[in-house]
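Participant: Chains P and E supply the protein sequences, listed in that same order. The C-terminal position of the first sequence is numbered 305 in my numbering, with every residue numbered one higher than the one before it. The C-terminal position of the second sequence is numbered 343 in my numbering, with every residue numbered one higher than the one before it.
Everything labelled a hint here was simulated from the structure, so no lab data went into it. Each hint should be verified, as a subset may be incorrect.
As the list claims (entries may be wrong) - Computed beta-carbon distance windows for the label pairs: (1) E:V252 to P:L86: 35 to 41 angstroms; (2) P:R110 to E:A225: 30 to 36 angstroms; (3) E:A225 to P:L86: 29 to 35 angstroms; (4) P:V144 to E:G201: 33 to 39 angstroms.
Stated by the list, open to error - Listing some non-contacts, in silico: residues in chain E with all C-beta distances to chain P over 10 angstroms: (5) G87; (6) D109; (7) S111; (8) L184; (9) L196; (10) P260.
Glycine included, C-beta positions come from ideal geometry on N, C-alpha and C.
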Amino acid sequence: MKIIIKRIAAAIPVLFIVSIMVFLMLQLLPGDPATVILGQEATPEAVEAMREQLGLNQPLLIQYLHWLGNVLQGNLGQSLVDGTSVNDLIAERLPATLELAFGSFLVALLIALPCGILSAARPNTVIDHFCTFISLIGMSIPHFWLGMMCIILFAVELGILPASGYVPFFDDPVENLKTIILPVVATGFRESAVLTRMVRSSMLEVMQSDYIRTAKAKGLGERTILFGHALKNAMIPVITTSGIMLAGLLGGLVITETIFNIPGYGKLIIDSVFNRDFITVQSAILVSAVFVVVVNIAVDILYALVDPRIRLGKEGA
Amino acid sequence: MVEFPERRSMLSIFIRRYCSNRQAILGAVIVGLLLLAALCAPLLTQYDPVYDQDYSAVLASPGGTHIFGTDDLGRDTFTRLVYGSRLTAAAAILPVAFAFCVGVPIGLYSGYKGGFIDQWIITRIVDALQAFPSMVLALALAAMLGGGFMNAMLAIGIGFLPAFIRITRAQVIQIKNLEYVQAARSIGCSDLRIAVVHILPNVMPTLLVQITLAMASAIISEAGLSYIGLGASPEQPSWGSMLRTAQSYLGTQPWVAFFPGLSISIVVLGFNLMGDGLRRALDPKIKD
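Put together the whole structure using the sequences plus the hints.
Facilitator: Here you go:
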């Protein structure tokens, strides 16, 4: 309990600074934001109206407090393009991205767990070198290029999967799976690379600990040792990495969604950038940063729940 | 007492350890080839990457006079790849140089001095910066700064700042209480001198690994930004913007996408192998 409160309390200043940074981002626009948003050919009246709408005529601190007040009440503002609420825009785009994120995460786990465990069980063998090589490849291939190659192979040459687009799950589950499989594999393969290394090194470390030696000494089978004894403890650092990864996936999906033309959160950011809809960009970035902070808190709490050493250690002190 | 079997300089030990790793050598060779291509681009090809547009051979397939084919304006893909290595080398160096020059002094100060500024300002800002998914941050910054290659470099560099500050800070905290630092302090060295002359050299090995791996990720980020259209302009032969062009021809001329992506993968692999090799060579826990 203490840990949970402590962790949340620590996140508050971080969120506060995040909000300042996101707020100041709009100030980065070279020149007057209103002119930049409207374009050079805008009339002075339009610029003045925009300045009024953005509250640019007020002092910076007042602007910030005003903006923060709105955000805290859950009002992210209106899109500069058509005046729709940014909340609605984000809510509309989020499901696709969440599906892709969890899908990619699943693919990453499906690759990383077997590869990592196998490598650690047989260190410095052909299997180990092969798995390490696969993870190096995963780290080095840009996932958007892998996505393009997948489109060429599976959509163009073989014609078994659609090249782009997205069908919501509740509209048609089969089509939905067909549309997300390529983006999920392309993104997941990249994410699996870091995770494989993590699983491997974590397993290797655990395998050298005393209790594993005891288990070996009393003649337990390799499988029991690996899965019954070692895996549980080896998973602890992996959980942390997974959490950070899941949060970071939001970033990775930005480009994936562009290649496969999926109307997700990342595509929203990119579209808004090109429509000069900087209010939406600002809000979308804020939401993704808050998401990352929340996921990190969740991971830390989970970490404490899974590992009694942390829980007891902190409470005992 | 530790007995030294044979006296060797640290550098020669390092080089020997690095070279005993075949993958590390491969990495260094790939990176070397990239730099060579960047330096000698005009010698390697007879065409110009931007102005030589062969309208009789638009989107030509690989082979003949254009060994890797041509793009939608009839420009030779091989030529653009060769000249693109300059942008790729710049994409590896510039953001990392920025993050190093800004992040390391901050990390040194923060780790060495500690106290209020360290605990409450620098650490919090680093935490906050790390809350942004890196690609989202780079994208937003590049867009706000107005796009273009140099703005993309700055955006990616800012994304690397937290890692450089953190790593430097953590190392400095470990090192600053060692006896040799206390000795330096006791003979009256100034803080600046201790930090730069005595502590920094011992942080460098860790930073060197970080630099190499950050270069790998910078290349991918630059390609990503250029692919989206927020990095290099379409006529600049950036490997990422070549992929952007290729996107339209995936169904008909797939080779347009093949070569730039392959080049990125190989070069990034090179930096990753080099980073791993450096880590192994510099890690005292790993025996030869």
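Participant: Against each hint, give a clear statement of whether it holds in the structure.
Facilitator: Each hint, compared with the structure:
Distance hint check: the CB atoms of V252 of chain E and L86 of chain P are about 51 angstroms apart, inconsistent with the given range 35 to 41 angstroms. In this structure the hint that R110 of chain P and A225 of chain E lie 30 to 36 angstroms apart at CB holds, the actual value being about 33 angstroms. For A225 of chain E and L86 of chain P, the Cβ-Cβ distance of about 34 angstroms falls inside the hinted range of 29 to 35 angstroms, so the restraint holds. Remark: the range hint 33 to 39 angstroms for V144 of chain P to G201 of chain E is upheld by a beta-carbon distance near 36 angstroms.
Here G87 of chain E stays apart from chain P, with its beta-carbon at least about 17 angstroms from theirs, past the 10 angstroms limit. With a cut of 10 angstroms on Cβ distances, D109 of chain E stays outside the contact zone with chain P, its closest approach being about 24 angstroms. S111 of chain E, annotated as away from the interface, keeps every beta carbon of chain P farther than 10 angstroms; the closest lies near 26 angstroms. With a least beta-carbon separation of about 7 angstroms from chain P, L184 of chain E fails to lie farther than 10 angstroms from that chain, contradicting its non-interface assignment.
Under the 10 angstroms C-beta cut-off, the non-interface status given to L196 of chain E relative to chain P is violated; the minimum distance is some 7 angstroms. Listed as outside the interface, P260 of chain E is consistent with that label: its C-beta sits roughly 19 angstroms from the nearest C-beta of chain P, beyond the 10 angstroms cut-off.
Consistency note: the structure conflicts with the earlier hints numbered 1, 8 and 9.
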